[in-house]
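A.B. asks: Here is what each chain is made of, one letter per residue.
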Amino acid sequence: MATEILMPALSPTMEEGTLAKWLVKEGDTVKAGDIIAEIETDKATMEFEAVDEGVVGKILIAEGTEGVKVNTPIAVMLEDGESAEDAAPAPAAKTTEAAPAAAPKSAPATAKAPEAPKANTSPDWPEGTEMQTMTVREALNSAMAEEMRRDDTVFIMGEEVAEYQGAYKITQNLLEEFGAKRVIDTPITEHGFAGIGVGASWGGLRPIVEFMTWNFAMQAIDQIINSAAKTLYMSGGQMGSPIVFRGTNGAAARVGAQHSQDYAAWYAQVPGLRVVQPYSAADAKGLLKTAIRDPNPVVFLENEILYGRSFEVPKMDDFTIPFGKAKIWREGTDVTIVSFGIGMTYALEAADKLAEDGISAEVVDLRTLRPMDTDTVIASVMKTNRCVTVEEGWPVASIGNHISAVLMQKAFDYLDAPVINCTGKDVPMPYAANLEKLALTSTQEVIDAVRQVTYR
Amino acid sequence: MVARKSTKKPNVSAEDLKQYYRDMLLIRRFEEKAGQLYGMGLIGGFCHLYIGQEAVVVGLEAAAEEGDRRITTYRDHGHMLACGMDPNGVMAELTGREGGYSRGKGGSMHMFSTEKRFYGGHGIVGANVPLGAGLAFADKYLGNDRVTFTYFGDGAANQGQVYETFNMAALWQLPVIFVIETNQYAMGTSQKRSTSSPDIYTRGQAFGIPGEAVDGMDVLAVKEAGDKAVAHCRSGAGPYILEIKTYRYRGHSMSDPAKYRTREEVQKMREEKDAIEHVRELLVSGGHATEEDLKAIDKEIKDVVNASAEFAKESPEPALEELWTDIIADAAPQNA
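Order-wise, the sequence lines are chains A and B. Be aware that the first sequence starts at 1, since it is given in our numbering, and climbs by one per residue. Be aware that the second sequence starts at 457, since it is given in our numbering, and climbs by one per residue.
For the record, the hints were derived by calculation from the structure and aren't laboratory data. Please note that a few of the clues may not be correct.
Facing chain A, a subset of chain B residues (Cβ under 7 Å, in silico) [said to hold, decoys possible]:
1. GLN492
2. GLY495
3. LEU591
4. MET624
5. TYR716
6. ALA787
Below, in silico cross-link-like pairs of lysine-lysine (DSS-like), each with a Cα-Cα straight-line distance of 25 Å or less [stated by the list, open to error]:
7. LYS684(B) <-> LYS31(A)
8. LYS715(B) <-> LYS21(A)
9. LYS715(B) <-> LYS31(A)
10. LYS230(A) <-> LYS572(B)
11. LYS31(A) <-> LYS758(B)
12. LYS572(B) <-> LYS69(A)
Fair warning: this is a prediction, and the values are worked out from it, not measured in the lab. Each residue gets a CB set at the ideal place from its N, CA and C atoms; glycine is no exception.
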């Protein structure tokens, strides 16, 4: 049967082109792969190959013709025994058949976004649970040890996690208990071991990859985002990446610009990731255990200054905190202060001082940044009508910016003042002690912001 | 090119040889059809064809056993067909339809099959190399003797993470076969212009990883080298490098005008080195198949490929709700 050769699309954006030159003439026999024409696209001149063997019956578009639309018949090929008379141009209807697929329709705006998670105000542990004092460091360590006892496929890898006992001692004693098979010192090669971790998660394991600090994970960010976060989607749900990337995030003290960046807003933007930044020891423990059990890649952002702080942690055999559930640390009526991680220290201190002056602040700890419990924030602001956000990261495209936008869209009529974002300053972190202090946000800045939004 | 080994006495049965012919032909015809559908606007975006390199995956799949894993970069259609994935599902993914392996959400470069142990389909050059070592890490950790074929090109071989991976794979004795498909062009840059030493397999020496060069236009040579590499890895001796010297007949992607090499160069490879023609000659000259037998195989393959194209055209586009699915997997119930 005679087959039409159609004007090909030779680039992702080509809609029409110039049929620059025919390299065959009517009556020529061609094999698959023979170059039959040269076609000028919007980018270059391309050679066009025959896809099947046959005889060139008719050339329908003369060389030199410009503006030939993609899918226009340009020639007719004959099979053995057919004559050129058989090669009458096909009815026009046939060519339009393929046309709709050439111009993919954009999804109509009616496709709905998933509903926001419901606010969850249930207590994190049963009332009356016995408590113990624990540092954040001990909490993280015990979370990993408990999960490694529970599940043989959980292992930890990273720089200095085994014999050195952890650069920040988060993995202390794990090597002794679980052995070198499950507590693995890596070479200094973040890009490589992050990728090996993701591959291992596809192979049936549950890796915990420790970055000595999140600053070094910039070497590995491609594996975190392109390989871990996107694979569930790209595979149509066939395979995800149950892996935890964890380490210290943000400024420590006097370590300079390359060791002091807060990555919360960066990772919180990525669909396919869970992003956690705990403040207290109980949250560090409960959320890390949840992270290790979660079937998705989790970015777990810790803070060096918080490692040594002590908090009350419930004494329970098994204790987890779900993602996407904010915690109200302090109830109040005049303003909502929203923060997470080390930012909570400024938020809580400011609330204490403001209380002395009769200003009642409600303090919300987001705990997880993706999914983010914006319902709890909105509900709080509907009560207080004012909001200040607090974080150590940079001000542009910050977590605070996002919360401000959400409040504007969902609680506009409840706001009595513009939301103020207290953030780190828009500068690389300086080394000098006085400048570093200035570069971070502070309790005083939070107090000033609250006074501004409350007009007091 | 490595000199073609004597193939007077192939080390495989006539049945195997026929199977290689069939498998390579399926890839070639499938890719030709994909090129055609691209030209019709049914396939969009990037589409990297494997034509010319068929002997690499067919030879290595012949060396693989049940349970072995494979992972590759974006020129992945051949790898998927060679490991037994359904041509209909692959073609329908190329057209972005519901019947595709990723339900239309992955595209040409992003398909997976946990059933066939094919782990993608990766678009970032070099990134699949540590991922492949990670799959091998899992097998070693779990205490089985499976191996992972980690394919990448001579272009990817210049990425830093490849050497980070070589180091750890050797250090931890991971059962991974690094398969470097040297097709001589990293997109439009020839190996001469991009690579300081031509024999990439020798780079493993710095890490204590054995390796060898293989004629990638000879499926029997590839199979033989694959057997050796698999035996090495399966014995627990650690990684192995196969640098398979091959050639891609088509452009880097569909929109490549291929001005960096001459038409004569491509034509010469096709005429003198073509891997499918080579097996065809072996079958006919060895009396293992008649022209009629081969014609019947050609017809059978053509039917499979045409059916896949029909399936890919008729399968509906994904439902609009699919935009929002498969982003996050549901967590197991928690106690809090």
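A.B. asks: The structure should be examined with respect to each hint, and the outcome stated for every one.
C.D. replies: Consistency of the hints with the structure:
Hint status for GLN492(B): holds, given a least beta-carbon distance of 4 Å to chain A, under 7 Å. Interface restraint check for GLY495(B): the shortest CB-CB distance to chain A comes to about 3 Å, inside 7 Å, so the restraint holds. The beta carbon of LEU591(B) is positioned within 7 Å of a beta carbon in chain A (closest approach about 4 Å), and the interface hint is therefore held. About 6 Å separates the beta-carbon of MET624(B) from the nearest beta-carbon of chain A, less than 7 Å, and the hint is met.
Violation of the interface hint for TYR716(B) is found here, the shortest Cβ-Cβ separation to chain A being roughly 12 Å, above the 7 Å cut-off. Interface restraint check: ALA787(B) against chain A, minimum CB-CB distance 5 Å, threshold 7 Å, status holds. Taken as a hint, the LYS684(B) and LYS31(A) pair is broken in the structure, with Cα atoms around 38 Å apart against an allowance of 25 Å. Only pairs whose Cα atoms come within 25 Å are accepted, and LYS715(B) paired with LYS21(A) is accepted, the gap being roughly 16 Å.
A hinted pair counts as satisfied when its Cα atoms are at most 25 Å apart, and LYS715(B) with LYS31(A) qualifies at roughly 22 Å. Straight-line distance between C-alpha atoms of LYS230(A) and LYS572(B) comes to about 20 Å, which keeps the hinted pair within the 25 Å bound. Our distance criterion of 25 Å between C-alpha atoms is met by LYS31(A) and LYS758(B), whose separation comes to about 15 Å. Simply put, LYS572(B) and LYS69(A) have alpha-carbon atoms about 41 Å apart, too far for the 25 Å limit, and the pair is violated.
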